[in-house]
Amino acid sequence: MSPARPRHLHKVSAILPAVALLLGVLHGGCSATASTGYSDVHVDVRSAIQAASLGPGDEFEVRVYEETALSGPHTVSPTGQIDYPLIGTVTVEGLVASQVAALLRQKLAQGYLKHPYVTVSVKTLSSKKIFVLGEVKAPGRFAYTDNMSIVEAVTLAGGFASMAERNYAIVTRIDATGEKRIPVPVDKIMQGLAVNFQVQPGDIIYVPETIL
Numbered sequence: 001m002s003p004a005r006p007r008h009l010h011k012v013s014a015i016l017p018a019v020a021l022l023l024g025v026l027h028g029g030c031s032a033t034a035s036t037g038y039s040d041v042h043v044d045v046r047s048a049i050q051a052a053s054l055g056p057g058d059e060f061e062v063r064v065y066e067e068t069a070l071s072g073p074h075t076v077s078p079t080g081q082i083d084y085p086l087i088g089t090v091t092v093e094g095l096v097a098s099q100v101a102a103l104l105r106q107k108l109a110q111g112y113l114k115h116p117y118v119t120v121s122v123k124t125l126s127s128k129k130i131f132v133l134g135e136v137k138a139p140g141r142f143a144y145t146d147n148m149s150i151v152e153a154v155t156l157a158g159g160f161a162s163m164a165e166r167n168y169a170i171v172t173r174i175d176a177t178g179e180k181r182i183p184v185p186v187d188k189i190m191q192g193l194a195v196n197f198q199v200q201p202g203d204i205i206y207v208p209e210t211i212l
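Position 54, counted from 1, in the sequence shown is what my numbering calls 54; the numbers after and before it change by one each time, with no gaps.
Be careful, since some hints might not be right.
Unchecked claim - No more than 30 Å apart at the CA atoms, straight line, and that leaves these computed lysine-lysine pairs for DSSO-like: (1) K188 x K137; (2) K137 x K123; (3) K180 x K137; (4) K129 x K188; (5) K129 x K180; (6) K180 x K123; (7) K114 x K129.
Treat the hints as calculated values from the structure; they're not laboratory data.
Generate the whole structure from the sequences, applying the supplied hints.
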């Protein structure tokens, strides 16, 4: 008869399958080949988009409560401005959606509406730019160049921050078929262990915080 195993070893053996399963779930989307149809990514990319500063060509929607004439879509002009009813020309370049809402609210309250309730939501981002957000050292908007790779995009944003999930960058891409979210193993690409990934104009690259 073989000797009885210590109780602590039984406990370790019991939890190992669960640990393995958890690791598989966490890293299942980080294979060398990213799925272009991947959509079940549990990060708040939309919030990151709303937090991105506006620039020429970007489109956003303004809603003023009970004021349909003051509500509607706007496109940022090449000079970084919009023409808004009652107010006139308003410079919005460099502002995020919440700042635009606050600016319009302030101007409307100056003799037009008593207590205006204004919301702004970003609809589309400039087709000639890319956006790198999340856990990078210098998140923001960057000029797109032909054949740009995701490694170049992350480098433009200063590289990964200390808490970045290096092998789970999420590319949000909007085309004629709708919105896609594509997980990309950037660190594996850097090491030559995965095929390079080409970004497209308008792509939003979001680097989440590591779970560990």
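Q.
Let me make sure I understand: some of the numbered hints might not hold for this structure. Which ones are they, in numerical order?
A. 7
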